[in-house]
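Protein sequence lines correspond, in order, to chains Z and D.
Per the numbering used here, residue 1 is the first one in the first sequence, and the count goes up by one each step.
Per the numbering used here, residue 335 is the first one in the second sequence, and the count goes up by one each step.
There may be inaccurate statements among the hints.
As the list claims (entries may be wrong) - Some residues of chain Z that are not near chain D, with every Cβ distance over 10 Å (derived): (1) Arg44; (2) Ala52; (3) Trp126; (4) Ala129; (5) Ser131; (6) Thr220; (7) Lys274; (8) Asp293; (9) Arg318.
Said to hold, decoys possible - Here are some of the chain D residues that sit facing chain Z, going by a computed Cβ distance under 8 Å: (10) Ile385; (11) Asn388; (12) Leu397; (13) Pro400; (14) Val437.
FYI, nobody ran anything at the bench for these hints, they're computed from the structure.
Predicted model, so just to flag it, every value in this text is computed and none were measured.
Here a beta-carbon is modelled for each residue, glycine too, at the ideal position from N, C-alpha and C.
2 protein chains.
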Amino acid sequence: MTTPRAGRVDALQFCNWSRKIFEQMRAAGLSAVHATVAYHEGFRPTVDRIIAWNARFREHADLILPGRSAADLIRALSSDRTAVILGLQNPLPIEDDLGLVAVLHDLGIRVMQLTYNNQSLLGCGWQDADSGLTRMGREVIREMNRLGMLIDLSHAGERTALEAIEASARPVAITHATPAAWRDGKRQVSETLMRALAQSGGMLGLSLYPHHLRDGSGTTLAAFCEMAARTAEIVGVRQLGIGSDLCQDQPDELLAWMREGKWTRPDPAQPPPKFPPQPAWFQDSRGFANLADGLRSAGFAPADVEAILGANWQRFFRAAFRPAVEGEPWQPRS
Amino acid sequence: MTTPRAGRVDALQFCNWSRKIFEQMRAAGLSAVHATVAYHEGFRPTVDRIIAWNARFREHADLILPGRSAADLIRALSSDRTAVILGLQNPLPIEDDLGLVAVLHDLGIRVMQLTYNNQSLLGCGWQDADSGLTRMGREVIREMNRLGMLIDLSHAGERTALEAIEASARPVAITHATPAAWRDGKRQVSETLMRALAQSGGMLGLSLYPHHLRDGSGTTLAAFCEMAARTAEIVGVRQLGIGSDLCQDQPDELLAWMREGKWTRPDPAQPPPKFPPQPAWFQDSRGFANLADGLRSAGFAPADVEAILGANWQRFFRAAFRPAVEGEPWQPRS
Chain Z
1 MTTPRAGRVD ALQFCNWSRK IFEQMRAAGL SAVHATVAYH EGFRPTVDRI
51 IAWNARFREH ADLILPGRSA ADLIRALSSD RTAVILGLQN PLPIEDDLGL
101 VAVLHDLGIR VMQLTYNNQS LLGCGWQDAD SGLTRMGREV IREMNRLGML
151 IDLSHAGERT ALEAIEASAR PVAITHATPA AWRDGKRQVS ETLMRALAQS
201 GGMLGLSLYP HHLRDGSGTT LAAFCEMAAR TAEIVGVRQL GIGSDLCQDQ
251 PDELLAWMRE GKWTRPDPAQ PPPKFPPQPA WFQDSRGFAN LADGLRSAGF
301 APADVEAILG ANWQRFFRAA FRPAVEGEPW QPRS
Chain D
335 MTTPRAGRVD ALQFCNWSRK IFEQMRAAGL SAVHATVAYH EGFRPTVDRI
385 IAWNARFREH ADLILPGRSA ADLIRALSSD RTAVILGLQN PLPIEDDLGL
435 VAVLHDLGIR VMQLTYNNQS LLGCGWQDAD SGLTRMGREV IREMNRLGML
485 IDLSHAGERT ALEAIEASAR PVAITHATPA AWRDGKRQVS ETLMRALAQS
535 GGMLGLSLYP HHLRDGSGTT LAAFCEMAAR TAEIVGVRQL GIGSDLCQDQ
585 PDELLAWMRE GKWTRPDPAQ PPPKFPPQPA WFQDSRGFAN LADGLRSAGF
635 APADVEAILG ANWQRFFRAA FRPAVEGEPW QPRS
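For reference, chain Z alone in the conformation it holds in the complex:
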């Protein structure tokens, strides 16, 4: 296959990384993938995760490179490699220290969620009672805006998400979710939130994780792409992308930890959770070819298909990772 001009982009993966997976990214024409580095780790273990990524970047330099800037994203395109953008699903790695935001930025982190399901020091996830952004949350948003670290609201509560959109001087993202009207649940995104996100210039990445899909693992490609068409009517076709939430080759034992971290104990009466099987049409990154077919069948023009599958995230990430110039408003709100 030929790599599309803008390159395709997956705005969220958390795979059990291997050369095979990086080769599949190349086969899929992915020019950038946002990869989760940490869920429930504090600062020090996060540094170990980053060291592991530095080793992967050296070992697989023919397939991947660190995606830290617009220049890196362009370099990935021109050298037929995948820029891996490192991100955090939880602000635990910054502890209670504003200075650690710049430290993690220096180490290559370019995306951070303010909350992961639960209350954090910055705001609230969708599973606790949401009292909105904290004062520290507002400080961290200002610092992320300054550095060019993208704010991701995927697991936030609705009030926290709406307040973060309002507080951020730069557009934010929900890298991986689906509309709540399609797959019911507070983890998904309400129309109110989608409209606020779109109005501020933000991006929505559509998730392909079965628990985010209307009919779970049995959801058809046609149903997914129809939902994409309806979502594009709400957020605009230029602000829609893919964030597959692909957890390829992960052992089932990881799932309880991903969901709950270390703050609670598993209920012995419940069987341990298992990863649901991926839909047949999105088993790994190469499913992007099926998405292209499906979106065309759902009525998207070819240019819109490429926008959703990559060009939108390319444009958005290139701007999002640029450091703010002191004293210059980032992007005037219209």
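Place chain D on chain Z using the hints.
Same frame as chain Z, but now just chain D:
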């Protein structure tokens, strides 16, 4: 005063940093200063020290900027500021983890000593029995060579220093010391070591810390500059610079910690150590003007004075901080 074209450089200071001290650097025409970030700190407290530097860089951006690359050193010159190069006097911050070298490099560390007086995981300081570089020491040298992190042998034992010069594919430095023939003691540098350093393209920075001066605090400017002239005959005038070891405004209580860290207890029979007074002609960075006068009086040509007071370190640092290109030998030994 006008800033000399190449800028002056101090290759080692560990002051109690303040705006006053940064203003004195400017008054002295210092375009670069290598500042010690950590002596006996592990990784995590070193990160806190770096966070404090990040705050200083923001607060005093009109006077200082981070010195991470040749471009930064040139930017400092063109904007009349001082590039502060962050360094470690001890390899404790990398713990036993080769991956932390790149992490600290990403955080801005550009110089590291392999040992500080005592045995380290990498080699031996001058106060323990020196069995030379360890296997980890050789790995770390290779990694520092790759990244463009300068190896500093100021507090090393002679065997470790000689083996490090041999093992390093890139020139190394002794940022702050004086010749042992002038100020007796194993902390200072033998003629053998000076010649090996010079032959490999390395730099020697002359210290102005009274315990490194022949007559301590009472050493005259003329005596210091005569010693510089004799040292230039050994290492070459192009490989000589200044590394003042200035510990300005530090409380005396810090000295025992600087010397011994936490591995021993103070001897209650001994009075706690005090910082010796600086010679009258080098109380702070502005003493560089006196050094210029003294070196001229000792017979150095004006161009050689500027070489020793800055141009040599400028040239050396610019090359030292350039990352190695994979698969290319750094600098062929002649």
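Taking the hints in turn, this is what the structure says about them:
1. Arg44: At about 6 Å from chain D, arginine 44 (chain Z) fails to clear the 10 Å cut-off, so the statement is violated.
2. Ala52: At roughly 8 Å from the nearest Cβ of chain D, alanine 52 (chain Z) sits no farther out than 10 Å, so the non-interface label is violated.
3. Trp126: 32 Å, holds
4. Ala129: 33 Å, holds
5. Ser131: 29 Å, holds
6. Thr220: Threonine 220 (chain Z) is indeed farther than 10 Å from all Cβ atoms of chain D, at 45 Å.
7. Lys274: Label holds. Min Cβ-Cβ 33 Å, cutoff 10 Å.
8. Asp293: About 40 Å separates aspartate 293 (chain Z) from the closest Cβ of chain D, which puts it past 10 Å; holds.
9. Arg318: Given that every Cβ of chain D is farther than 10 Å from that of arginine 318 (chain Z), nearest at about 21 Å, it holds.
10. Ile385: Cβ of isoleucine 385 (chain D) sits 3 Å from chain Z, so the hint holds.
11. Asn388: Holds, because the Cβ-Cβ distance from asparagine 388 (chain D) to chain Z comes to roughly 5 Å (cut-off 8 Å).
12. Leu397: 16 Å, violated
13. Pro400: With Cβ-Cβ at 10 Å, over 8 Å, it is violated.
14. Val437: Result: holds, 6 Å to nearest chain Z Cβ.
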